[in-house]
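Asker: Now for the letters of each chain:
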Amino acid sequence: MNYMVEVQGLRKVFRTRDSEVEALSDINLQVERGDIYGIIGMSGAGKSTLVRCLNYLEVPTEGRVLIEGQDLRDLSPRDLRRLRSNIGMIFQGFNLLMQKSVIDNICFPLLIQGMKKDQAVQRARELLKTVDLSEKERAFPAQLSGGQKQRVAIARALASKPGILLCDEATSALDPQTTASILALLKKINEETGITIIIITHQMSVVREICNRVAIIEKGHLVENGTVEEVFTHPKSKAARRMVIEGRDPDELADEETDFGKNSPAAQQGQDSVFGKEMDLLHEKRRIRIVYTKNSSFEPVIGNMVLRFGIPVNILRADTKDVAGVARGDMILGLPDDVQVQENMIQYLLDRGLAVEDV
Amino acid sequence: MFTKEVIDMIILGIGQTLYMVVLSTLFGYVLGLPWGIALAVTNKEGIRPNAPFYRVMDFITNIMRSIPFLILLILIIPLTKLIVGKSYGSTATIVPLVISAAPFIARMVESSLMEVDPGVIEAAESMGADAFTIITKVLLVEARVSLLVGVTICFGTILGYSAMAGAVGGGGLGDIAIRYGYHRYQADIMIVTVILLVILQQIFQYAGMFLSNRIDRRRV
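Taken in order, these protein sequences are the chains called A and B.
Residue numbering for the first sequence is 1 to 359, as defined by our numbering.
Residue numbering for the second sequence is 1 to 220, as defined by our numbering.
To be clear, the hints were calculated from the coordinates, so they are not data collected in a lab.
Among the clues, some could well be false.
[Claimed, not checked] Computed list of lysine-lysine pairs in PhoX-like fashion (alpha-carbon distance at most 25 Å, straight line): (1) A:K100 <-> B:K4; (2) A:K129 <-> A:K188; (3) A:K117 <-> B:K81; (4) A:K136 <-> A:K188; (5) A:K161 <-> A:K117; (6) A:K161 <-> A:K136; (7) A:K116 <-> B:K4; (8) A:K129 <-> A:K100; (9) A:K117 <-> A:K136; (10) A:K136 <-> B:K137; (11) B:K44 <-> A:K161; (12) A:K187 <-> A:K129; (13) A:K100 <-> A:K136.
[Said to hold, decoys possible] Only part of the chain A face toward chain B is listed, based on derived beta-carbon distances under 8 Å: (14) V13; (15) F14; (16) N55; (17) V59; (18) G63; (19) M89; (20) N95; (21) Q99; (22) I112; (23) G114; (24) S134; (25) R138; (26) G146; (27) F309.
Since we're looking at a predicted model, the values are computed, not measured.
Quick reminder that beta carbons are idealized off the backbone N, C-alpha and C, glycines included.
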C-alpha cells in the first residue's frame with residue numbers, strides 16, 4: 001500500500017544572486033492515511049518550505065514527493081493543479097479573499113474546478129455547518145474574529161473534499177482558547193472524514209494536543225520522528241529533549257544556538273545533560289522524568305509515594321493535565337540522596353505504569 | 001459680456017471636455033489595463049516572473065511616460081490623421097490623450113495589482129487555480145478598490161491634459177480658456193472656464209472616492 005504522503009531524500013536550495021541557502025536537506029518521511037502528522041521546529045528551520053514542497057508550491061531541488069504513490073515530478077502543470085485540489089491548505093494569516101463574502105470564499109475552489117454556482121453554494125453551506133459558522137454566511141472576512149476567519153479557511157480548504165489538509169502555522173496567530181477550539185475542529189474533521197492532516201507548528205502543545213505522529217525539523221534537517229507517544233516519552237535527539245523535557249517551544253531556543261546547530265544532527269543525539277541554568281540551582285543530584293502514559297493508574301501517585309516512603313521529593317517541573325480522569329503529561333522530580341530510596345521510588349513509579357528515565 | 005452665444009459656447013465646451021476625457025479614459029484602460037496586468041504578472045514578484053519581457057515592457061512604459069504631452073500631441077499628428085482623418089478638434093485629441101494616458105494607467109494598474117496580499121495568491125495556487133483564474137478572480141477582484149482609485153486619478157490627469165490640448169485647437173473648456181482668456185485678454189471668461197474645470201475635477205474625485213469606499217469590503 002502506498003503512503004498518503006511520502007518524501008524521499010528531499011533537498012531544497014534557495015539561490016540568491018551571490019549565495020546559496022540550503023533550506024532543507026535529506027528529508028525523508030512517510031505519512032499514512034488518516035494520520036495527524038505534526039512537523040515541529042523553530043522559525044527558520046525550514047518547515048514552511050517543507051510543507052510547500054508537499055504540493056509543489058515550492059519545487060524541491062532534489063528528491064521526490066509522492067502523494068498516494070504519485071511522484072509530483074512526473075505531473076504536467078495541468079495535472080499538478082488537478083492534484084492540488086485534493087490537497088487543502090490553511091495558513092497562519094488565513095489568506096481569505098477580503099473582497100468576497102464568507103460563502104463566496106468557500107465556493108471559490110469549487111468554482112475554479114468548474115462546479116455550478118448553486119451546487120457550490122449548497123456544498124459551502126454544508127461546510128459552514130461543519131465549522132459552526134452558518135450564521136456568518138453573508139459576512140465579510142473583515143467582520144470576523146481570527147478564529148472565525150480560520151474556520152472559514154478550513155471550510156474553504158475542505159470544499160473540494162481533499163484527502164490531505166496542510167496546516168501552515170494555522171493556530172500561531174490565535175489565542176490559546178481559540179487555538180484549542182480550532183484544534184478540536186481539526187480533530188473532529190479527521191475522525192469524521194478520515195482526512196490526513198499535516199500540521200506545521202512551533203508549538204509543542206499543538207503536537208501533543210492532536211497529532212499522532214511527529215517529525216522534528218532543525219536547521220533544515222529532520223532530527224527525529226515517530227509517534228507522539230514515543231517521542232514524548234523517550235525523546236532521543238537533543239532538540240526533542242529540549243522541547244519535551246524542558247517544555248520549551250523551539251522558538252525559545254533561538255538564543256542558545258551557539259552550542260547547537262554547528263554540529264551535525266547525529267552528533268546532537270547524545271545523552272548529555274540538557275538542563276538549563278535554573279535547574280542547576282536545585283540541589284538534588286538524582287533527577288528523574290516521569291511520564292504518565294495510557295497505562296498509568298488512577299491515583300495521586302506522587303502523594304501516595306511520599307506517604308509510603310515518608311521522604312519528600314522535589315517536584316522540579318510538572319506539566320500534567322486531566323484527560324478523562326487520568327493524569328497525562330510529564331514531571332521532573334528531584335529524588336532524596338539515599339540510593340536505596342531512589343531505587344525503591346523508581347520501582348514504585350514503574351509499578352504504577354509510569355515511564356521513568358534519568359535526566 | 002456673458003451673452004447667450006458665450007454661454008452656449010461654454011456649455012458646448014463642457015460637453016466636448018467630458019466627451020474627450022470619458023472616451024480617453026475608456027480607451028486608455030482598453031490599452032493600459034492589459035498592459036498593467038502584463039507588467040504585474042511578469043514582475044519578479046509576480047505570479048509568472050519573466051525578467052526579459054518585464055524589462056522590455058518596463059523600458060517602453062518609462063519612455064512613453066517621459067514624453068511631454070504637448071510634444072506627443074504634435075509628434076503623433078500623422079497617426080491621429082490616419083485614425084480620425086483630421087488633426088484638430090475634440091475627436092482628434094482623444095488619440096494623443098489615449099497614447100499618453102495608457103502607460104500611466106499601466107503603471108497604476110501594476111501598482112494596484114502588486115498590492116494584493118501574496119498569501120491570498122498562494123492560497124489560490126494551492127487550490128489549483130491557473131494564472132488566468134488568479135488574474136481574473138483574485139488579482140482584479142482583491143485590487144478593485146485600488147484600481148478604482150486609480151481610475152479617479154487617471155480621470156483627473158486626463159482632464160488636465162485635455163485642457164492643454166486646447167492650445168492646438170482641441171476644443172473643450174481648455175480651448176475656450178486659451179482663446180478668450182489668453183489671446184483676447186477676456187479674463188472673466190477664462191476665470192469661468194477654470195472654475196468649471198475645478199468643479200469637474202472635484203465632482204469626479206468625490207464620486208470616485210465615494211464609490212471606492214462603497215465597494216470596499218475590508219471596511220466593517
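Asker: So, against the hints stated earlier in the document, which numbers end up violated here?
Answerer: 1, 3, 7, 11, 14, 15, 17, 18, 23, 24, 25, 26, 27
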